Amino acid sequence: MPEEMKLVILLRQPPHGTLYPVEGLRMAVATEDFEPLVIAINDGVYTFLKDTDKSVYQMHINFLKEIDLELWVDKQSLEERGLTKSDLIDEVEVYDHSTVRKSIVGANTVIPL
Amino acid sequence: MPEEMKLVILLRQPPHGTLYPVEGLRMAVATEDFEPLVIAINDGVYTFLKDTDKSVYQMHINFLKEIDLELWVDKQSLEERGLTKSDLIDEVEVYDHSTVRKSIVGANTVIPL
Amino acid sequence: MSKILFFLTCECKLGMDLALEQEGNGDQVTICLLQNAIYNANKTNKQLDDCIIRDVSVYAGEEDVQKRGIKKHLHPEVKLLDYGEVIDLVLEQDNIVNL
Amino acid sequence: MSKILFFLTCECKLGMDLALEQEGNGDQVTICLLQNAIYNANKTNKQLDDCIIRDVSVYAGEEDVQKRGIKKHLHPEVKLLDYGEVIDLVLEQDNIVNL
Amino acid sequence: MASIGILFFSGPHQSQAPETVVELSNAALDKGHEVQIFCYMDAVNAVLENQKKIEGIFDVEGGFREIVDKGALIRLCSLCLLVRGTAKNCMKCKESKGKIKRAGTPDMEKILKETDKFLVVC
Amino acid sequence: MASIGILFFSGPHQSQAPETVVELSNAALDKGHEVQIFCYMDAVNAVLENQKKIEGIFDVEGGFREIVDKGALIRLCSLCLLVRGTAKNCMKCKESKGKIKRAGTPDMEKILKETDKFLVVC
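Protein chains in written order, with this note's numbering: chain A, 1 to 113; chain B, 114 to 226; chain C, 227 to 325; chain D, 326 to 424; chain E, 425 to 546; chain F, 547 to 668.
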């Protein structure tokens, strides 16, 4: 696939208990040529809580921000969990569900974790 | 625990795609001294569909029936899936949810698969 | 106008939710169900009805349906595919939403 | 009259459902949440409210809450336990519903 | 003192279950209780040797060594090991107070008989 | 002819994913397409040797051997193997048309670049 192929990496599982979100961020770092968009949805939104232990994946967040990639969070998933933007780290952007949805279905490849 | 300890083995996952229900039935066979009650609930009810491929666990069903143990199916889970008793093999008994629930919380040990 | 395939291989509801929210902007949406995602094709699933009303094509892996013995419980509009046909379907798509 | 512990270690809703359906026949019901079951203790979870109104005691593993950083999002009636206290709680029970 | 049985199904690095089993076992052993563990399905891979340690991630192998040293008795579903091709990789704990033993599902019955309470970590 | 990439995360005997990956790969290879597979997390254990065969249960090891023989290129996340302690157990396929290779996550990018469509089997 050409480099302008749109790649979305979808974090849908909570950050602890499994290594899925960590591995998703590691994969985003590895596929940087495609400028992947990382989207946290459902329980994946807990990945970016301010107070969550991020020691295993903070470096991936830092790297992705250094190369100007965006980390999106689905607003609807936040609301369902009683969370707001202020509970999250500054590095992420919150988008409403229809925007998030458009990015997902508009991607040529979606990798779910 | 004494042999009169009540043991419930709970099949809650679908029969294919994972080996959980198979392993649950294998465990029921192995713990026969406790006369375990096997209960299928949620997607576990698909385990006992007439048309499901049971080649890996039919022998466990046969063994459990030979030693007169019961295989229960939660009626509510069936209904949620548009299924009825007539879709299931003859070896199982269908009970309403409150009866199923009482057996689960009345067990000294519940093993979920 | 894109051809979008929801390639669903687990029971996670997210894939069906996203397919259902499709806004009818001319995209051609297809759902392919494999493994335990098959159970989403149960005819009692209202989400599936809604998808089909919106002209979404829904396919299910024939071997997976067979193994699970749920052929007669499937929505009548769900078409069965063997693995070769799944590959053909995949190759026709612009976008693949794996879930 | 039994002491019943729901020992919940995954997000599967079934455990909370069963605990909630408790019919108040005098049994003493306790819920212990570990691993990702912790997320069930989110204060927006209505099921948890209903359990607490029915005098169900709800505990959550302190380390798991800490790791997930959700202390301030927990229902105020949820009490935290370290692993040693979880063991003490387990040993007090008549029936343990693992889920 | 009491005796606690624990069953789990998940392997290392895919699920928190091995870590939780170690934590609960440590707490029980430290209180003087006995612990018997049954590793079923992928859980048998939790006690393989030569698991590379990664900073910040729970050391599953080390954790299991520690509880066996303290006296935990661990039974591994032998068939589960064989189908996974990892039977030869199991850690040895010859000098420990506890033991790691190959087992069959009938040993589950044994554990249920020999323990006071039985936990399952999903 | 086209080229298909496949990613999966689950090991043998715990999930159907390895079986589905084999079935899809076989179908694609039989149609003359190229197949590249990335085994991530527990999926690396799908290609271990000496997995005992059980009647009625899909032979994961044999399935992967077959698709490598037919030309599939399989990349294994090396770190995932190391943390699981199973790096030495991988099957060898020296005489096959395809290959099994140790890899890192950057190889995921390679696969994405070299394939036309990319599937993930959960």
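Think of the hints as simulated: they come from the structure by calculation, not from any bench.
This one's a predicted model, so the numbers in the text were calculated from it and none came from an experiment.
All C-beta atoms, glycine included, are put in the ideal place defined by N, C-alpha and C.
Wrong hints could be hidden among the right ones.
Interface residues of chain A toward chain E, partial, derived using beta-carbon atoms under 8 Å [said to hold, decoys possible]:
| # | residue |
| --- | --- |
| 1 | H16 |
| 2 | G17 |
| 3 | S55 |
| 4 | V56 |
| 5 | V94 |
| 6 | H97 |
Here's how the hints hold up against the structure:
At about 7 Å, the closest approach between the beta carbon of H16 (chain A) and any beta carbon in chain E falls short of 8 Å, and the interface hint on this residue holds. For G17 (chain A), the interface hint holds, the least distance from its beta-carbon to any beta-carbon of chain E being 4 Å, beneath 8 Å. Using the Cβ-Cβ criterion of 8 Å, the hint placing S55 (chain A) at the interface with chain E is satisfied: the shortest such distance is roughly 5 Å. Interface restraint check: V56 (chain A) against chain E, minimum CB-CB distance 5 Å, threshold 8 Å, status holds.
Nearest Cβ of chain E to the Cβ of V94 (chain A): about 27 Å, over the 8 Å cut. The hint is violated. For the restraint placing H97 (chain A) at the interface with chain E, the shortest Cβ-Cβ distance is roughly 29 Å, beyond the 8 Å limit, so the hint is violated.
In this structure, the hints that do not hold are numbers 5 and 6, in rising order.
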